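Peer 1: Chains as they are written, first to last, in the working numbering: chain A, 1 to 117; chain B, 1001 to 1202.
Keep in mind that the hints were calculated from the coordinates and are not lab data. On a predicted model such as this, the values are computed, not experimentally measured, just so you know. Every residue gets a Cβ at the ideal spot worked out from N, C-alpha and C, and that includes glycine. Check the hints yourself; a few may be wrong.
[Stated by the list, open to error] These stretches of chain B come out as covered by chain A in the derived footprint (C-beta under 8 Å, 3 or more residues):
#1 1075 to 1085
#2 1102 to 1114
#3 1153 to 1165
#4 1169 to 1177
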Amino acid sequence: MEDDAETTSIYELLQLMSSLNDTRRAILLALAHIYPRSVSGVQLSRLIGYSGKSRSLYRGVISHLKENELIQIDQLTPKLYAIRVNNEHPLLSVLVELCRAHGESARKIYLKALEED
Amino acid sequence: MEDILLKQARALYKDRLRIALAAFIFVFAITFYLFYSPEIFTLGTVPPTAVIPNGWTQGFAVVTSVNTIGFFSTIALMALIFRFWSWAFLPGPASTFTLAVLRGILGSQTVIKPSLGKRFKVTLENGLQFDVNCNIREKDTGEWFAYRLISAKMKSEGLRNIALRHGFGVKDSRLVASVSNDELHLRTFLLTQAMMLMGPSN
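This is chain B alone, in the form it adopts within the complex (with noise of 0.2 Å):
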C-alpha cells in the first residue's frame, strides 16, 4: 500500500518530467535559431578550396564555428541545470511525507533541516545527528521514494550489538539501513531508539 501523497509525488515527477522534456525540445529550438540565425564565426582554418569543393567548406565552416561552440556549451548548461534540479529538490508531497512521517515520530520540537540533494539532517535531544536520504528511483530496483538512514559517527563500544539489535548495520562506526518508504516510520523510531540507548558521543 502506497500513501496518497507519495502517490501525488510520483505522478507530479513523472509530470514534470514530461514537461521538462517539452520545454528542453523547445527551448532548443530557439536556442538553434539564436545561434545560427545571425553571421557565423568561423574558427579560421579554411581548407583549400581545390580540393574540396566549396559547398563542402562552406559546411564544414559552419560545423565548425564559434556559434556551434556557444550552442553546444548552452544545450550543455540546461543539461547541468536538469541534472541538478533532480539530484537537489524532492516533490513537493514527499517532502511534506518525509517532513511528516519524521515529525511524528520525534515531535514538533526537533529540529529538522531539509537541506540540498533530498536531504534531512534530524538532530535528536541528546545532540546526536542522523541524516534521512531519500532516493526519488532507485536505479537498481525501480523502487520509488526510498530512504537511507545513516547517523553520525558514534562510540564503538557495544554499538555493533546495538545496531543489530535495531535491525541496522554498522559501516564506518554509524549506523546505515537502507528502508522503503512504508518502513521510514517504524526503522526511523528504533534508529532513534538506538541513538537514545548510544548516549552522547562523547
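Pulled out of the complex, with its shape left as it was, chain A reads as follows (with noise of 0.2 Å):
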C-alpha cells in the first residue's frame, strides 16, 4: 500500500513536471537538487542558462512558481532574494527525495557552477 502511495506520487510529479516549460522545469530541477540551499536571482537564471534579464525571469516565472507554491522565496534585504524550492509541496518534496537519493553527481554539478561566481 505504502509502494502504491509513492508511484502515484510519482506520476503525479511526472504529470506536473511535463506540464511546466523548459524554464520553469529547469529551475525546479536546479533548486530540487540544491536543496536546502538556496539562490538568487541572478544566480539561478545563470544556472539555468536563461538568456533575458534576470529581472524579466523574476518578474514571470519566477512570481508565476511562488503563486503556485512550487519554489519559496525569502527576501534577506530589499534586494537580495533566496529563492529554493518548496519542500512543502506534496509533490516536489517526492522531487527532492528522488534527487537525494539518485542525484548526488548532478548536483556536484550545480554545486560546482554556484561557486565559480
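Could you use the hints to bring the two separately framed chains together as a complex?
Peer 2: Written as C-alpha cells, this is what we have:
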C-alpha cells in the first residue's frame, strides 16, 4: 500500500513536470537538486542558462512559480532574495527525495556551477 | 519553440499597431482641418486689448475655443476606441490557436464561449467553469500571449491539496495559474483533471 501511494506521487510529479515549460522545469530541477541551499535571482538565471534579464525572469516565471507554491522566496535585503524549492509541496518533496537518493553527481555539477561566481 | 499561429498573430498585431498609428496621424490631420477651418467659437472671456497685443488675444481666442474642446474630445474618443479594441480582441490566429488547444483537450462537445476582453469561458461536463484569459503582451516580462487560468469558486475541502498536486495555487478558493502559451495545453489538461476530481460545486 505504501509503495502504491509513492508511485502515485511519482506519476503525479511526472505529469506536473511535463506540464511546465523548459524554463520552469529547469528551475525546479536545479533547485530540487541543490535543496536545502537557496540561490539569488541572478545565480538562478545563470544556473538555468536564461538569456533574458534576470529581472524579467523574476517578475514573470519566478512570481508565477511562487503563486503556485512550487518555490519559496525569502527576502534577505530589499534587493536580495533567496529562492529555494518548496519542500512542503506534496509533489516536490518527492522530487527532492529522488534527487537526494539518486542525484548525487548532478548535485555536484550544480554546486560547482554555483561556486564559480 | 513558438507555434506558427502565434507567430502569425504576433506579426499581425504588430502590423495592425502600425496601421492604427498611421491612420491615427491621418485622421488627426483631418479632424484638425474640420475643427479649425470653420469659424472659431470663442468661450467669451476676451482679455482687454490694452494690456496684451491684438495678435496674442486672437491666438488665445483660438486656443480657448469651443473648437479646441471639440477637437480634443474627438482625439480622446479615438484613443478610447483604440484602447477598447486592443483590450477586447485577440488577433485572429491567436484566437484560433487558443480555441484549437482547448478543443483538443476538452473535445468538440464542450461549451467554450469566447467573450470580450480576450477571455474564454469553458464549462466542463460536471458544470464547473473556468476562465482562460489571454494577454497579448505581458507588461513586466515582454512575454507574448501569456495566459491566465482561473477556475470558478469551489468548495474548500481538500482543494489546496488537489490544487498543489496539479501545480496550481489557490486564491480566494479558486485555482489560479499564469501559464505561457506552450504550457497552455498540458496545464489546462491538469486544471480539467483537478476540477473533475473536485466534483460539482454543490
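Peer 1: Now tell me if each hint is right for this structure.
Peer 2: Now for the hints, and whether the structure bears them out:
{"no.": "1", "hint": "1075 to 1085", "result": "violated (count 0)"}
{"no.": "2", "hint": "1102 to 1114", "result": "violated (count 0)"}
{"no.": "3", "hint": "1153 to 1165", "result": "holds (count 3)"}
{"no.": "4", "hint": "1169 to 1177", "result": "holds (count 4)"}
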